[in-house]
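> Letter by letter, the chains look like this.
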Amino acid sequence: METATATRAPPSWATRLAALLQRRSVLPTLLLIPVLVFFIIWNTMPTLWLLGLSFYRFSLTSGRPPRFTGFGNFQSILQDSEVWLALSRTFLFVFSAVGIETVLGLLLGLLFWGSQRLPGRRVALTMLFTPMVLTPVAAGTFWRLIYDPTFGVLNAALRGIGLPSVNFLGNARTAFGAVLAVDVWMWTPFMVLMTLAALASVPKAELEAAEIDRLSWLQRLRLVILHHGKFILLLGILLRTIDAFKTMDLIYDMTFGGPGSTTELVAIMLYRRAFEVFAMGWSSALAVILLLISIAFTATFIFVLHARERRSQDVPT
Amino acid sequence: MRALRTHLYHALLWAVALLFFAPVAWIVLSSFKTADQILAVPPTLFFRPTLANYVRVLSNPNIVSGFGNSLILSCSSVLIAVAVSFLAAFSFSRFKPRGTAFLMFLLLSIRMLPGSAAILPVYLMYVGLGWKDTYFGVILFYAMFSVPFSVWILKGFIDGVSPRFDETGLVNGAGWFRIMTRLIFPQVMPGVIAALIFNFIFVWNEFLFNYIIGGPRTANIPTALATGLYSGGGVDWTFVSVTTTLYIVPPILVVFLFQRYLLVGMTFGTVRGEV
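The listed protein sequences correspond, in order, to chains C and F.
The opening position of the first sequence corresponds to residue 1 in the working numbering, with each subsequent residue numbered one higher.
The opening position of the second sequence corresponds to residue 1001 in the working numbering, with each subsequent residue numbered one higher.
Hints are computed from structural coordinates only; laboratory data are not their basis.
It is possible that some hints are incorrect.
One side only, chain F facing chain C, incomplete, derived with CB under 7 Å [what the hints assert, rightly or not]:
| # | residue |
| --- | --- |
| 1 | Ser1116 |
| 2 | Leu1246 |
| 3 | Ile1248 |
| 4 | Phe1256 |
| 5 | Leu1257 |
| 6 | Phe1258 |
| 7 | Leu1263 |
Using N, Cα and C, we set each Cβ at its ideal position, and we do this for glycine too.
Using the sequences provided together with the hints, build the complete structure.
What follows is the structure, given as structure tokens:
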């Protein structure tokens, strides 16, 4: 109010502040302050804490103060065969889940390519995409009922065609596959979505040219569709890989990592050691290792993004 | 002949969609069954629907407060995150301060970390500071976790708005704040919507963080579901199916109403287009 009336008077602190805030040297930083505050309090500080704690022996249940052990935790992790098993199980899970989802997603995406005139297309696509927005806890819990050896609908179907019932989640031989199948059910729609996006990025003119040139179906797929769509597909595969690596609630609610430890992925292992056993020092060290792996994933993702930007700058449009 | 082929093709597409939806349909169907019918051998497809489960679950105070908490946590954290991210994304996009690439990288790497690794240090910090099971603590943590996603999406969209708009605004005497809110914001609405709905779905479905840094006061439905599962020596399936059925309505509605934004949302804004 004061600044509006006092035109002749020397500029008040408010106008001077306003002018300062508009300056190009101050504004960019000013806009970043809220995010930086968030970042420092909820990310940098905890991460530093984590790093520090990974060098200590610290259990919340013992009541003893943390004791410095140097690289002791890391050493015990690297020598722990269970950790290596969980890691290799995780990579097997990621590899097979992403592989199956990519192939299925590609096929279904190609199938849905010409679906523009499908009656009720929007409802059909909503149904197809529903699994990926489902609450993982709810999905995992309910699949337990579907897989149940006596009450489950899946075993009822098996018995219906004369096969013996299978305790899918309780049997060490089938549990991993059963859990994998649920992940495939949940995330294949994502790869369908990415395939549809990739197909939409193919220029119509080139497809028509390919048709006139009488390229075979396979040639068309390889030379035209994959050539234009491979970037989007690659991003989809990368995002899915990162997400599969993080899988936790879905499996935890189905099997709690069991039977034995046949479905214990590394994220579940970390959860159990940290929040069931409360071995905080050891868990921090494992979390640091996972952090390094995630940073490698992120770097790959960004590298792929930039590779495309560089290429699209080279080619004049 | 051609018409028949089209019909067959369309029938096949619907069959695929229904196949993926079947487990969800089974949950919804079960919510109208009695406890005995859910565990019937063989499973029943035709039965007299009952609403008794809904009455029972909705009179459970834990579930009512769970729904309230889910709504409070997801709405407030997402609004905070998108507001804060818009400012940062504008700064990154327009002024490219030093370290932009590095900060964008750091932001993304938080989201790529397995949840149990991300929450571990925050849990220790919250126990130390006494922030566990406070709305303040849980909401702001969710907001922080929603920031990377939002910054990435919004930066992409603001990059797509020509700087000429800023120049025109400056020449006509508008301040930067006015330019951001009146000139740029309306043009990046699709990005804002995508960021809002995808963070909403994330927080809405999130279990681990809520379970670890929340508590009885701030428990959302996934936590209530995971902890209230067992009653009388077994899993209470009517409770699970009713709660799930009610809880998945908003995400399904979002997918139906905002199908155009699905792609942008699920790829951090790195892929755009219609499907």
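> Could you run down the list of hints and mark each one as holding or not?
Taking the hints in turn, this is what the structure says about them:
1. The interface hint given for serine 1116 of chain F is met, as the beta carbon of that residue sits about 4 Å from the closest beta carbon of chain C, less than 7 Å.
2. Interface restraint check: leucine 1246 of chain F against chain C, minimum CB-CB distance 10 Å, threshold 7 Å, status violated.
3. Satisfaction of the interface hint for isoleucine 1248 of chain F is found here, the shortest Cβ-Cβ separation to chain C being roughly 6 Å, below the 7 Å cut-off.
4. The criterion of a C-beta within 7 Å of any C-beta in chain C is met by phenylalanine 1256 of chain F, whose closest approach is roughly 4 Å, and the hint holds.
5. Interface hint at leucine 1257 of chain F: violated, since its Cβ lies 9 Å from the closest Cβ of chain C, which is beyond the 7 Å cut-off.
6. With a least beta-carbon distance of about 10 Å to chain C, the hint placing phenylalanine 1258 of chain F at the interface is violated under the 7 Å criterion.
7. The interface hint given for leucine 1263 of chain F is met, as the beta carbon of that residue sits about 5 Å from the closest beta carbon of chain C, less than 7 Å.
In summary, the structure is inconsistent with hints 2, 5, 6 from the numbered list given earlier, while agreeing with the others.
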